[in-house]
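Q: Since chain R is already given, all that's left is putting chain L on it; use the hints.
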Amino acid sequence: MKNHNKNIILLSHGDGGVKTGELINDIICRYLKNDILDRLEDSAIIDCKSKRVAFTTDSFVVNPLFFPGGDIGKLSVCGTINDLATSGCRPYALSLSLIIEEGFFMADLEKILKSIRDALAEAGPGIKVVTGDTKVVEKGNADGIYINTSGIGFIDDDIYISPANIKPGDAIIINGNIADHGISILGQRQGFNFQAGIESDCAPLNSLVFDIVSSSKKIHAMRDATRGGLARVLIELADSSKMNFEIYQDSIPIKRETRGICEFLGMDPLYIANEGKMVVIADWGDRNRIVQAMKKNKYGRQARIIGRVNRRRTSNERTCVILVTELGTKRYLDLHYSEQLPRIC
Amino acid sequence: MLNSVNINKTVKSINDLNRKLVLKGKYKTLKIMEVCGTHTMAIARYGIEQLLPENISLISGPGCPVCVTPIKEIDIIIEMIRKHEITVFTFGDLMRVPGTYSSLYTERSRGKKIKICYSPSDALDYAESNPAIKVVFIAIGFETTAPLTAILVKRTHNKGIKNFFIFSVHKTVPNSLEALLSDKQINIGGFLLPGHVSAIIGSKPYSIIPKKYKLPCVIGGFEPLQILLSIYNILNQIKNGVPSVEIQYRSVVKPEGNPVAVKNIYDVFEPVDSGWRGLGTIPSSGLSLKGPYKKFDAKMKFPVGKIISREPPGCICGDVLKGIKKPVECKNFAKTCNPSSPLGACMVSSEGACAAFFKYYRNSYNYHTGKSKP
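Protein sequence lines, in the order shown, are assigned to chains R and L. Just so you know, our numbering puts 231 at position 231 of the first sequence, and the rest follows in order with no gaps. Just so you know, our numbering puts 263 at position 263 of the second sequence, and the rest follows in order with no gaps.
If we strip away everything but chain L, and leave its shape as in the complex, we get:
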């Protein structure tokens, strides 16, 4: 059960400190970007914004790996399935994401061999048990899931397995945040950084944010009290005038992260430029198989021809991912775009801002205050 005494205390502290900071002229309104999709969902589920002062708002960032995967990648994997005899394993979220022409869900209902797995090791086990079947695993996620993919690729290589391949759409978070900050449209006052990505990479990769952009950062946990404490810590950094990357989620995140996991990632992958929906191409923000592991790259093994991909007309996922617009400001939201017939990935993904809004707030958003309260 939640510790309501500590939660109430923290909420009061946030309100008191906010009042002081506004009086001192530090800011009039404060936008905190919560990067991680799991934070987006937790904040929506617990109605955290309702506990905050009116002038502090939380905006959702690009921390949803499914949402930031360009439509072209969906189109490529679908074309790959259509052209080659392969069995594809994917996480469930990706199934309904609409590509330009189709989705994995639709292709499966047309008889294509597409299976959902909870863990990538299910895909490798299947490949080992069925050596005649070519298995492709869609490797998606940030630094939290990339080490697992890397270990599986190493295992595939060491065991001499010949029928397992990776379609990597892995991305890395820190460079995307810098790309956001260079966009003048965005007006962020602080960051609530992702807890689980940071458990892998530690706090150092974010250090450019306080150094160059003078913005406070806190790596927070996912329980309501942890989120509220992180917000308080951000305000505290503003008060002290010394922005840094602080770790609130100390039970899980160390400053040095998990060096073994990081080593595994970069033994197998190399950073490459990568396209992010809404943000464009960000240098060194994607992961591609390298060296002796290149032979497991599905894109090389199963080439497809030229594909013309298009963003769905009217979809403003890009602006939502940058935190410029709230989902409810999209004219298609909850009308032509909903979870059973989504226009864009933000509505489908379990961590998507539009999905969170749809599930918890679609009837209650107050356009005047910008808050979501029934």
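Just chain R, with the same shape it has in the complex:
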């Protein structure tokens, strides 16, 4: 008799018994083999490579699971690696927790695991998934699959990157075109038949960050622009550094097709999610050197200076990011209040 259950996830895959062992050993470990994970211990034991450790976590509930340029698997690796990278650390190890809906196709799970493996390989030879967990929930929950990844990285002694370092006059730089991720997701969700074929910019940026910190000792702050878009990151950095920023709208790189779709839908690209964009704030004197170094990296070809840190705010002034429009007029950049696009990551 044909076993129809072989190609879907069952509740028994999450009950800690025989089927759980099969799922982990035969499927998950096949894609994620490494010396630490293969021990399948409750905790991964890691030798500390530096005095300071960066530690982050992120959960991924993106809908749809598969989109042009990536999927939830790739996202779960790149998202956490990029969060680690903003501290200037060398990402080292990830945990991987899967919450899978009963009835999820095994083929889709394998696609996602393959993406995770490929994203790890892209990020660099030393980065591994060292521990994880798998749960299965009843049909109707988890929307297919939810993933959480946490990650650690080691920070060299001479690297200290924080918004507290930001100074008046600093250059504000971004590595490339904005808003592609959000638009690619929207295109899938609503069944918009965008001929333009916008792909998500989902990418691991740790090698780009390595190139950046190698090019200058005066990198003051970095942050990756995900949910809420470039606008959110700029406002957060201005807020935590207590500085005013001035941003030049016509310097912000954006693909013509993405811009056109945003205009058509009445959406502001500054607020649309990215998954492969890093904002760098550094000493003005080093700006050209940094941009040149970024352009040599695969993920920094369209790197550009998009603005400058203006001045320190007084204690009773509100957070202030001024956008100089393409017309030369000025307006404030403020946080969006409405959910432009939910479940984007």
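If you're looking for bench data, these hints aren't it; they were derived computationally from the structure. Small disclaimer: the values here were computed from a predicted structure and weren't measured. Any given hint could be a false lead.
Under the rule of at most 20 Å between Cα atoms (straight-line distance), these lysine to any residue pairs were calculated in the SDA-like manner [stated by the list, open to error]:
id, chain 1, residue 1, chain 2, residue 2
1, L, Lys335, R, Asp334
2, L, Lys113, R, Asn141
3, R, Lys330, L, Glu223
4, L, Lys12, R, Val53
A: Just chain L now, kept in the frame of chain R:
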């Protein structure tokens, strides 16, 4: 990318012509009403007012269909959802608009079947695929969206679909402008007319404005250069002393409009008196299903009892919609009223004047000059 050479030229021309007109005594200050919510947003987003002379200001009008929908309509649709087993489809903007007692957003989080669509055909497709479910589409918008609703109603009728209904809150623009002009509080010197509504209705329906009220009108596009050119054209009409309805947005708007679209509207709908927030009841300014299409009217199919509706206390949306007050002059603006907890529709709608102000200018409005510049 924007053509900054032409923009600079146009800005200079506006400034030069304005100086001449003031010297000639044509006006001291000039208020131009931009009717359409999309213009409101574009003007705010590009900071167009900063390029204009100090004595010319742009005031926002009632061209935001969500903002001018009376609260009672929100209350009625919510009561309809509570009393009857229906699935409601709506555009996203309407979700957070507060009714007297609740909002569609709140009702959805309480489990009511409310879905957001980008196009009304999504609602009809859903109804066709689910014949056991009664589907109500909230048909909102001006003459730009009404033809699409009309076509869908015709399709529903021709295919014999029995489970699709329309809750029409469609309104038509021209009569609202006349109603504005009869209000002595308002002191408008010219109109920047809506580009997309005019693509449907053409320029003739506005002709009473220059004829009876001697005011210049320009139907403008939405790019910064088009908006600036429209403003220049208004000043030019003042200079020549011959007010008319001029079309700047010639790539999209013809004087005769789109007669096929207009025919579709009036095959299916008839004009009825309609309540506009802030303006009161305006004759023949709403659209209601007629004749054989009346059977798709959700209000008739799913009656609700008497509802007592109230404007939120302290909300001055009405004055904002008439251009008498700027959003920032409301004592609740950005305090108790903001996009995540709005008092009125003007703060919620993507085309609302209060929403535009909140998003782009809330920290920078200069009460002295009346301009918004950081």
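Q: Which hints, by number, does the structure contradict?
A: The structure conflicts with hint 4 only, although it agrees with all the remaining ones.
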